[in-house]
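A.B. asks: Make a model of the complete structure from these sequences and hints.
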Amino acid sequence: MKVSNSASLPGNIVLDEIIHARACWDHVVHAGERLRIIDLEGNQAVDFLLYGLHDDTERYSAQDTIAAQKNIFLRTGTMLMSNEGNPMAQISATSVAYHDTIGGACSCESNTLRYGHHTKAQHACVENFLSSNARHGRGKRDLVSNINWFMNVPVEPDGTLGIVDGISGPGLYVELEMRMDVIAVVSNCPQINNPCNGFNPTPVRVVIAAA
Amino acid sequence: MSIIEDEAQTHDTFCGPSNERTNTRTYGDGANWGRFPNARDRLLLGAAKFGLGRKDVHPCVNWFKGVRVEGDGTTMWQGGPFAPLRSVVFRAEMNVIVILANCPHVLDERSEYTVTPARVCAWRGPITPADDAIRNATLESSRAFLNVEEYFRR
Chain A
-6 MKVSNSASLP GNIVLDEIIH ARACWDHVVH AGERLRIIDL EGNQAVDFLL
44 YGLHDDTERY SAQDTIAAQK NIFLRTGTML MSNEGNPMAQ ISATSVAYHD
94 TIGGACSCES NTLRYGHHTK AQHACVENFL SSNARHGRGK RDLVSNINWF
144 MNVPVEPDGT LGIVDGISGP GLYVELEMRM DVIAVVSNCP QINNPCNGFN
194 PTPVRVVIAA A
Chain B
51 MSIIEDEAQT HDTFCGPSNE RTNTRTYGDG ANWGRFPNAR DRLLLGAAKF
101 GLGRKDVHPC VNWFKGVRVE GDGTTMWQGG PFAPLRSVVF RAEMNVIVIL
151 ANCPHVLDER SEYTVTPARV CAWRGPITPA DDAIRNATLE SSRAFLNVEE
201 YFRR
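These protein sequence lines are chains A and B, in that order. Each residue of the first sequence is one higher than the one before, starting from -6 at the first, in my numbering. Each residue of the second sequence is one higher than the one before, starting from 51 at the first, in my numbering.
Source of the hints: derived by calculation from the structure; they are not laboratory data. Among the hints, a few may not be true.
25 angstroms max Cα-Cα, derived DMTMM-like pairs, lysine to aspartate or glutamate [claimed, not checked]:
(1) Lys115/B - Glu70/B
(2) Lys133/A - Glu199/B
(3) Lys63/A - Glu200/B
(4) Lys115/B - Glu159/B
(5) Lys113/A - Glu190/B
(6) Lys63/A - Glu159/B
(7) Lys133/A - Glu55/B
(8) Lys133/A - Glu149/A
(9) Lys133/A - Asp174/A
(10) Lys133/A - Asp49/A
(11) Lys115/B - Glu77/A
(12) Lys113/A - Glu200/B
(13) Lys105/B - Glu102/A
(14) Lys133/A - Glu77/A
Short derived list, chain B residues pointing at chain A, Cβ under 10 angstroms [to be verified]:
(15) Ser68
(16) Glu70
(17) Arg118
(18) Gly121
(19) Thr125
(20) Val156
(21) Arg160
All residues carry an ideal CB built from backbone N, CA and C; glycine is no exception.
C.D. replies: Listed below in structure tokens is the structure:
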């Protein structure tokens, strides 16, 4: 679905779409182009992976990104690194204090652990990632640790991870400037068993602007 | 796998393996055939001998060298010095391939490429019983073991 007014990005808008609640999405974004993701209604986790367009064995690496900046939070200026130690994209702007890359993606299988086997048939991000990736010949072995835009996962002093109420709000956004040609894959998180989506998955908007 | 003994307590799942780029930056050379081989390429070689490839070298665990996360997200390297002979004992809960790369931690703050030997020992043991303490530690872990049993029934 197209939306009428474009986000306030400089440069020609080459794509402006809504990702429905619970849906997956993927698109090629070239080096120099910018991708903006807008949390339309607030507190919506957006699970996100990047693969190299020309060699998809090179892909986003949460660990390399954390080690490169010696910090677990993704903020304005953070360089998203590949598993080969190369820059893939930089967070050029965000109106949210920080984003998460340690919480991972929900799956039918992890839902059975956390919430019980009655949740196994619910929608999950891994299913969304597989739906998108399968169209490009990628499968389960290609699912690596991802980014959760707009999600708040602090680490307590004893090492415990919190999945707590979001720090995002309606209209807040994150914007990436690509450093290589990539395929961006999104799962607009369908999780309804914890507060990561405020127990109510909602749509997000994606805009790509030319270099 | 379950951790059934841990004398070290300083481990890291956040920072991942060194790679050719990081070792080149830290030591001047990161090539696998050079003096300062990197962990990612070592893990790749281990994986390749089981028919696995580049996409199979996914996030790793760094044993013995730890990282603490501060309130603002900063990672603080816990690099010792530590006493010798610290050990960790794992119990495999399914059939696994274990690949080890004995390389400096990616955030190792020493200017010298510092590695010392590690000893690895594996032995056979019984399947984890239903009344196991780790299995029953939490509802999550008990449901995880149920999933493993279902996996082996397939």
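A.B. asks: If a hint holds in the structure, say so; if it doesn't, say that too.
C.D. replies: Verification of the hints:
1. Lys115/B - Glu70/B: holds, 20 angstroms
2. Lys133/A - Glu199/B: holds, 21 angstroms
3. Lys63/A - Glu200/B: Measuring from Cα to Cα gives roughly 39 angstroms; hence the hint is violated.
4. Lys115/B - Glu159/B: holds, 12 angstroms
5. Lys113/A - Glu190/B: holds, 14 angstroms
6. Lys63/A - Glu159/B: holds, 12 angstroms
7. Lys133/A - Glu55/B: This hinted pair is violated, its Cα atoms lying about 31 angstroms apart.
8. Lys133/A - Glu149/A: violated, 31 angstroms
9. Lys133/A - Asp174/A: holds, 22 angstroms
10. Lys133/A - Asp49/A: holds, 14 angstroms
11. Lys115/B - Glu77/A: Cα-Cα ~22 angstroms, so holds.
12. Lys113/A - Glu200/B: Given pair Lys113/A, Glu200/B holds - Cα atoms ~14 angstroms apart, limit 25 angstroms.
13. Lys105/B - Glu102/A: holds, 22 angstroms
14. Lys133/A - Glu77/A: This hinted pair holds, its Cα atoms lying about 20 angstroms apart.
15. Ser68: holds, 8 angstroms
16. Glu70: holds, 7 angstroms
17. Arg118: Cβ of Arg118/B sits 8 angstroms from chain A, so the hint holds.
18. Gly121: holds, 8 angstroms
19. Thr125: holds, 5 angstroms
20. Val156: holds, 5 angstroms
21. Arg160: Violated, about 16 angstroms.
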